[in-house]
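Just so you know, we're using the numbering used here here: the sequence shown kicks off at 5 and counts up by one.
Simulated from the structure, these hints should not be mistaken for laboratory data.
Mixed in with the good hints, there may be bad ones.
[Unchecked claim] As a list, the in silico SDA-like pairs of lysine to any residue whose alpha-carbon atoms are at most 20 Å apart:
(1) K76 - I30
(2) K31 - T54
(3) K76 - F66
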Amino acid sequence: MTQIYEAALASSGMTVGQFGLLARIIKQPGVSLGALANAAGMDQSSLSRTIRLIEKAGYTEFGPAPDDARVKALFPTPSGITAFELAAAQWRQAHEDVGQRLTPEFQETLRGQCAAALQVLNDRS
5 MTQIYEAALA SSGMTVGQFG LLARIIKQPG VSLGALANAA GMDQSSLSRT IRLIEKAGYT
65 EFGPAPDDAR VKALFPTPSG ITAFELAAAQ WRQAHEDVGQ RLTPEFQETL RGQCAAALQV
125 LNDRS
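Please build the complete structure, drawing on both the sequences and the hints.
Structure, rendered in structure tokens:
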């Protein structure tokens, strides 16, 4: 499925991972790298590599965190918001296409299996 979404986003120049991180940054401007890594379930080095790419594209910028000026935080740029909105339209179209190709029953089973897999993978005890 990831290939379908990657193909849909190809013309935007973003990967699924970059798109997801940019969405989180837009939803929570001023998010710290640590909080973003936790929310995305990523280690900080992987996150940093991806952030560098979207920062290089001009989609994000660093600044002081709103609640603590000593903490470096991420903010979307106007061009990042525009790029996200264009990519989101492509994402929605791919999502609709996938939804039309998979029966509702299969979608429900898939959601349940993914949720169960995440629970097992996140259970560290």
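Taking 20 Å as the top limit, are the C-alpha atoms of K76 and F66 close enough? Given pair K76, F66 holds - Cα atoms ~6 Å apart, limit 20 Å.
Taking 20 Å as the top limit, are the C-alpha atoms of K76 and I30 close enough? holds, 16 Å
Straight-line Cα separation of K31 and T54 no greater than 20 Å? holds, 18 Å
Going through the hint list in order, the structure satisfies each hint without exception.
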